[in-house]
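Between the sequences and the hints, there should be enough to build the whole structure, so can you do that?
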Amino acid sequence: MSKSKKQQLWAFWKYDLFPYVLGGEVESIECDGSVRVFGGLVLMTPILILPKKEGQKRMDEIKRITNEYRGESDKLKTTYKSQVEKIMQGQ
Numbered sequence: 274m275s276k277s278k279k280q281q282l283w284a285f286w287k288y289d290l291f292p293y294v295l296g297g298e299v300e301s302i303e304c305d306g307s308v309r310v311f312g313g314l315v316l317m318t319p320i321l322i323l324p325k326k327e328g329q330k331r332m333d334e335i336k337r338i339t340n341e342y343r344g345e346s347d348k349l350k351t352t353y354k355s356q357v358e359k360i361m362q363g364q
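If you count the sequence shown from 1, you need to add 273 to reach the numbering used here.
Careful: at least some of the hints might be erroneous.
To be verified - Below, simulated DSSO-like cross-link-like pairs (lysine-lysine); rule was C-alpha separation at most 27 angstroms, straight line:
(1) Lys-330 <-> Lys-279
(2) Lys-336 <-> Lys-348
(3) Lys-326 <-> Lys-279
(4) Lys-325 <-> Lys-336
(5) Lys-348 <-> Lys-359
(6) Lys-336 <-> Lys-326
(7) Lys-325 <-> Lys-279
(8) Lys-287 <-> Lys-326
No lab work stands behind these hints, which were simulated from the structure alone. On a predicted model such as this, the values are computed, not experimentally measured, just so you know.
Right, here's the structure in full:
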């Protein structure tokens, strides 16, 4: 008899601050449906659970657009600061 391999899963949950969703590899799923992720200290209520490979793929996409957002945000901050300086100089 062969032992069945436990499926590796990835969970996503809502987060109040940017990037508004976080994710991680599932260590355990509790009876109430909450999950504990590896390295996590608290239980999370998932909004999506996927096979690990698909979850990591989506997490990579979230990280990609998060980095794009941060880059654009940095550009906007620089423009804003420059415009405030001009206003303060009476230009």
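Decide if the proposed pair is consistent with the structure: Lys-325 and Lys-336, CA atoms, cutoff 27 angstroms inclusive. OK: Lys-325 and Lys-336 at ~16 angstroms, within 27 angstroms.
Is Lys-330 close enough to Lys-279, meaning Cα to Cα at most 27 angstroms? holds (20 angstroms)
Run the distance test for Lys-336 versus Lys-326: straight-line Cα separation, threshold 27 angstroms. holds (15 angstroms)
Between the alpha carbons of Lys-326 and Lys-279, is the straight-line distance 27 angstroms or under? Holds, at roughly 14 angstroms.
Between Lys-287 and Lys-326, does the CA-CA distance stay at or below 27 angstroms? holds (20 angstroms)
Restraint check for Lys-336 with Lys-348, where alpha carbons must lie at most 27 angstroms apart: Satisfied, since the Cα-Cα distance of roughly 18 angstroms is no more than 27 angstroms.
When you check the alpha-carbon spacing of Lys-348 and Lys-359, does it fall within 27 angstroms? holds (17 angstroms)
Regarding the pair Lys-325 and Lys-279, is the alpha-carbon distance no greater than 27 angstroms? Status holds; Cα separation ~12 angstroms.
Checked against the numbered hints given earlier, the structure satisfies every one of them.
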